[in-house]
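Enquirer: Given next are the chains, with one letter for each unit.
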Amino acid sequence: MAAKRTRSTSPVYRKTKPRKTSRLASASLTARGDDVVSLRRSLEILRAFQPDDGPLSRHDIAQRTGLPNTTVARLIHTLLTLGYLSRAGTHSSYRPGPSVLAIGHALIEALPIRRIARPLIQRLATEFDVWVTLGTAEGGNMLVLEHAASLVAPDIRVRSGSLLPMASTALGRAYLWAQTPERRADYLVKIDNRSSESHLRDDIELAFAELDRSGFCTAFGSWRRDTLAIGAPIVMHNDGQVLALACGNLSRAANARALTEKGAPALLRVATDIKNGLLQSGSLEDL
Amino acid sequence: MHANGQNEIAGKTKDRNLVTAVSRGLSILSAFSPRDVWLGNSEIAERTALPKPTVSRLTDTLSRLGYLHHSPRRRQYRLDMAVLTLGYAVLGDLDVRKVARPGMQTLADSCNALVALGERERLDMVHLETCHSNSTMVTLRVDTGSRARVATSAFGRALLAALPRNEREQLLEQMRLHYREHWPKLEREILQAVRDVNRQGFCIVMGLWQPDINAVAVPLILPDSSEVMSIGCAGSARYLPRRRLETEVAPRLVELSRRITAELSRHI
Chain A
1 MAAKRTRSTS PVYRKTKPRK TSRLASASLT ARGDDVVSLR RSLEILRAFQ PDDGPLSRHD
61 IAQRTGLPNT TVARLIHTLL TLGYLSRAGT HSSYRPGPSV LAIGHALIEA LPIRRIARPL
121 IQRLATEFDV WVTLGTAEGG NMLVLEHAAS LVAPDIRVRS GSLLPMASTA LGRAYLWAQT
181 PERRADYLVK IDNRSSESHL RDDIELAFAE LDRSGFCTAF GSWRRDTLAI GAPIVMHNDG
241 QVLALACGNL SRAANARALT EKGAPALLRV ATDIKNGLLQ SGSLEDL
Chain B
1 MHANGQNEIA GKTKDRNLVT AVSRGLSILS AFSPRDVWLG NSEIAERTAL PKPTVSRLTD
61 TLSRLGYLHH SPRRRQYRLD MAVLTLGYAV LGDLDVRKVA RPGMQTLADS CNALVALGER
121 ERLDMVHLET CHSNSTMVTL RVDTGSRARV ATSAFGRALL AALPRNEREQ LLEQMRLHYR
181 EHWPKLEREI LQAVRDVNRQ GFCIVMGLWQ PDINAVAVPL ILPDSSEVMS IGCAGSARYL
241 PRRRLETEVA PRLVELSRRI TAELSRHI
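Chains as they are written, first to last, in the working numbering: chain A, 1 to 287; chain B, 1 to 268.
A hint or two may mislead.
[As the list claims (entries may be wrong)] Pair by pair, the computed Cβ-Cβ distance ranges are:
#1 B:R266 to A:H77: 26 to 34 Å
#2 A:A256 to B:I221: 42 to 50 Å
#3 A:H91 to B:D196: 27 to 35 Å
#4 A:N69 to B:S265: 27 to 35 Å
#5 A:L206 to B:I221: 44 to 52 Å
#6 B:W38 to A:R252: 41 to 49 Å
#7 B:M206 to A:H91: 34 to 42 Å
#8 B:E263 to A:V235: 38 to 46 Å
Quick caveat, the hints were computed from the structure, so don't treat them as lab data. C-beta: ideal position from N, C-alpha, C; glycine also.
Assemble the whole structure, with the sequences as input and the hints as a guide.
Expert: Right under this line is the structure:
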């Protein structure tokens, strides 16, 4: 098949193109491809920050991204101006800035899954007098996408956008269990390396055994000493996305047996309903 | 709308063009908000004051990278999951949030109000941490990541009062350009708020940020970076009249801010 003649290869264009383009014109010609590159690079700088680090210096950032120091310095300045980075710690260290929080908030508010899941989890919360949390992983933690509680269940101060630990919550353990072996191994290595969490490994394995057996796991007193929770994964087979659903209450208000005998079947039903709701909405193309 | 002075940087050198290009792409992401979930290229162009062809090219790039999701049916974009990889989780671990949270929640519960910690982003305050009492949950749609205006909120004015002088003057100038005919009145109020903070440590805004909502705020200065934030308390005017804010809430906020700074100093 003949190559398509683009403007730049057409002999007419090549002949008439001036040798020395004006500074502005040449700037916009280089800008076209370069601005995409620069945008990607600035986003890479932001992605270099991970939850277990503290603030990063310009040098740290250059090392992690492989970008030249001058590029990093220039892009840091822009990121600071737009609030995507803030100064932190001592001189010339940085952290993600308020704009990152603001777009994260805007995204979570906008996710279709929340609209689908909200009535389902609210009903579960009211029916069993528990709180219910739907979440997915983000940066090694569980990100709460939606949370509901009955009027009677106490407020555990968890809301959309909250981050919960993966190792100690029923939500996180259900998520971990549903991962591919490689991904699960990655997460577990990180947990093993955290002094505050490495002792939870045995509990996590027990949770995996529960999930193998009955499709849900229990977390009694592991996240907060005074809470009971059960959790189950939601695996979207169409795109591989994994979510997790959990419900619970304070130990003094709830009954572990009631939670596992009555609450668990209901939890699993809601998990299926959410999954079906998501599959249906996919075909409706963006709510 | 933000005063996007950044986009007016005249690109004469390739360097400055690249910086402009980056700020353009990022300002496209910032155009989305809980109120503006779906935006088409024209709407984004309007909001960011960028040329439409530029917007089309950058939204295409951003959606291929996973930061925007395109709906062919709507012919619009919304934010997508990759946005969370830009450091959102890191901010969950922020020291100041962890240190401030318990005191903020206690205050929120005892005053039956919202207590929030804010950081400035150009002409906006972004709420880094929000603690609701049981009664404010429904009435005040303020959450971590939500925005208020520096000029019209107690949070913003308290922060402004504590900025280094040069920075404050630059900011006031940007506001003058942004608020235009509304500026003279706002400026008077803001300068009064600055005087109030200098004199008594706090400032109060009544009914301006949201109708029937009163708020009081104090500056919070981070010991290591000298970054200026603010911490404030807001609630219905009915339960938090000026007198209560002045005599009951303000002193506790001042004390809370002092305690947070002291605690953070110990962490360094």
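Enquirer: With reference to the structure, classify each hint as holding or not holding.
Expert: Now for the hints, and whether the structure bears them out:
no. : hint                         : in the structure
1   : B:R266 to A:H77: 26 to 34 Å  : holds, 32 Å
2   : A:A256 to B:I221: 42 to 50 Å : holds, 47 Å
3   : A:H91 to B:D196: 27 to 35 Å  : holds, 32 Å
4   : A:N69 to B:S265: 27 to 35 Å  : holds, 31 Å
5   : A:L206 to B:I221: 44 to 52 Å : holds, 47 Å
6   : B:W38 to A:R252: 41 to 49 Å  : holds, 45 Å
7   : B:M206 to A:H91: 34 to 42 Å  : holds, 40 Å
8   : B:E263 to A:V235: 38 to 46 Å : holds, 42 Å
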